[in-house]
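Protein chains: 4
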Amino acid sequence: MTPKLSADDLNLLLQSEFPYSGDSLARVEAVGEMTARVRLPYHDRHLRPGETISGASLMTLADMAMYVAVLAMIGPVLLAVTTNLNINFLRKPTKNDVIAECRILKLGARLAVGEVTMYSESDPSPVAHATVTYSIPPRT
Amino acid sequence: MTPKLSADDLNLLLQSEFPYSGDSLARVEAVGEMTARVRLPYHDRHLRPGETISGASLMTLADMAMYVAVLAMIGPVLLAVTTNLNINFLRKPTKNDVIAECRILKLGARLAVGEVTMYSESDPSPVAHATVTYSIPPRT
Amino acid sequence: MTPKLSADDLNLLLQSEFPYSGDSLARVEAVGEMTARVRLPYHDRHLRPGETISGASLMTLADMAMYVAVLAMIGPVLLAVTTNLNINFLRKPTKNDVIAECRILKLGARLAVGEVTMYSESDPSPVAHATVTYSIPPRT
Amino acid sequence: MTPKLSADDLNLLLQSEFPYSGDSLARVEAVGEMTARVRLPYHDRHLRPGETISGASLMTLADMAMYVAVLAMIGPVLLAVTTNLNINFLRKPTKNDVIAECRILKLGARLAVGEVTMYSESDPSPVAHATVTYSIPPRT
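Taken in sequence, the protein lines are chains S, Z, P and A. One point on numbering: in my numbering, the residue at position 81 of the first sequence is 246, and numbering is uninterrupted. One point on numbering: in my numbering, the residue at position 134 of the second sequence is 299, and numbering is uninterrupted. One point on numbering: in my numbering, the residue at position 87 of the third sequence is 252, and numbering is uninterrupted. One point on numbering: in my numbering, the residue at position 73 of the fourth sequence is 238, and numbering is uninterrupted.
Bound-form chain S, shown alone (with noise of 0.2 Å):
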C-alpha cells in the first residue's frame, strides 16, 4: 500500500487549508508506507518562558504529522478531525528546527492511531513523543 499524495502533494495541501500559519507552517519532508516526517522550522516566536520551543509549537506539530501521515494513505479527506492526542515532554528542545516523525500503528476504516516521535536537528534523544488518534468520516 503505497501513498496517494507526495510530499509535494501535502505541502499545496497544507499551504491552501492553513492560510494564517504563514512561515509557522510545518513543511512536510517526507511520507511513505504508514509514515511521515515533518519538520517545524525555528522562529522566536515559538519560544516559551526558559528560551525553549513552546509545548504547544510541539503539540501543533505532532497533531500536523498524523494529520499528514493520515491524509497520504488515504487522500485528501479534509474532514479526518483528532479525537485523541496525549504527548509526553521529555527534554527542553534547542533553539532550532524540531523534526516529527510519525509512523501509524492502526489505518482502520473510522479511527487511524499513530505515534509521533518529535527531535531538534542534529540531535538524536527525542524532546517529545505523541500518541494520536484521528476519526475519519465514512467515504462515500
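For the record, the hints were derived by calculation from the structure and aren't laboratory data.
Computed, partial: chain Z to chain P, Cβ under 8 Å:
hint : residue
1    : N251
2    : N253
3    : L255
4    : R256
5    : L270
6    : K271
7    : V278
8    : E280
9    : P291
10   : H294
11   : T296
12   : T298
In this text, all values refer to a predicted model and were calculated from it rather than measured experimentally. Cβ atoms here follow ideal geometry from the backbone N, Cα and C, with glycine treated the same way.
Given the structure of chain S, go ahead and fit chains Z, P and A onto it with the hints provided.
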C-alpha cells in the same frame, strides 16, 4: 489556601512572557482555590478545515489554563513546564470564544495534575477535555 | 434520558460476563443520567510493593466504571470496547475500598468519552483520575 | 549503560513482590539497554466478553513491562511508581500469549518515560500501544 496571584497579575505576566501571541493570547477571567477560568477570543486564524476551531488552539488553551491555575497557587514560577498533556476532542466548537475551566487535582512539591474542560461560549456541552501535568522546579 | 439498566441489572451482567473475577469484581453502587459509581472492595491481592493498591487495580476499576456508565445508558451492548484510557495516579491509596465516580462527557453514535475520579473510602482527595473512550459497535 | 538486573533477577523479584499473581504473572523474557520484553501467558481468566484478552490484562502488562525496563536500568528501586499511563487499543488480541516490547524514551533522575507495543504471539500487527511514566524516588 488562597491564590497568590490575581487574574490581573496573571494577564500581565502572560503578556510579558508570550510577547509573540498578540491578540491570539488567551485571557484569564478568574482564579480561585485550585481553579482558573481562561478565555480564548475568537479569531479566524484559529480555524481549521471544516470551519471549526483547530485542535492546536484548544491544546494551547488547555495548557495555558493549567499554567495559569498552577502559577496562581504557587506564584510566578515561570519555569514550571508541562510534562504530559492528554486531550479528548468531543464536539466541533462553534465560531465563538472558547472558555476553559481548569481544576487542579493534585498540587504536589514536584508535580501538579489538573483537568481542563472547554466550552464554546454559551453552549453547555463541552467541546474538549484535557488532563495536564506540570513539573514544578525545586524552589530555593 | 434515564438509564436503561439499574445498578442491580449491571451487577448481574458483570458477574455473568467476568466469571473469573470472583471476589475481586467491582460492585456497581449507583447509576444516573450519564454517571455511575462503582466500588472495588479491598483485598490483599490488590496490593503492590509499598503496601498500596496497585495501579493495575485502579486502571481496571476505571475501565469498569466507564463500561458500566455506558451500558447503563445504551443497554447491554456487551461488545462496546475501550479504545483509549489515560490515567494519572495522584496519591497513594490507603488500604481500603476504592470508589470510582464516572461521568460521561460525550455519548456519540460511535464513541463515548468519560472521566473517572477515584477515591479511597472516606478520604475526599482523589487517588487517581482517568479518561476513557469506548467504541460502540453499530446497532442493528 | 548496561542493565543492572538480568531477566532472571527480575523474574525472581516479580515473584516475591507480587505473590498473589500466581500463574497470571507476566514473565520477563529479555532486558537490554533501555529495553525489555515481557510475556503474558495465555489464560482463560484474561478473557472478556467477545472472547478476547481484556483491556485490564493489557494495561497491567504495559505497566509491568515499563516497571521491568526501569528496574533493569536503575536496580531494585521497588518504590518506583506509575504516575501516568496512556493506552490505545488497536486490534482484538487472539487467544494467545501477549508479548510486550518496552523502550525507555527518557530516564531522568525523577521521571522515566517509555513506550510499550504489545503483540499477540506470532502476529506482527500490534494489538495495543501504551506510554507509561514512572516517578523514581530520591536515592540515598
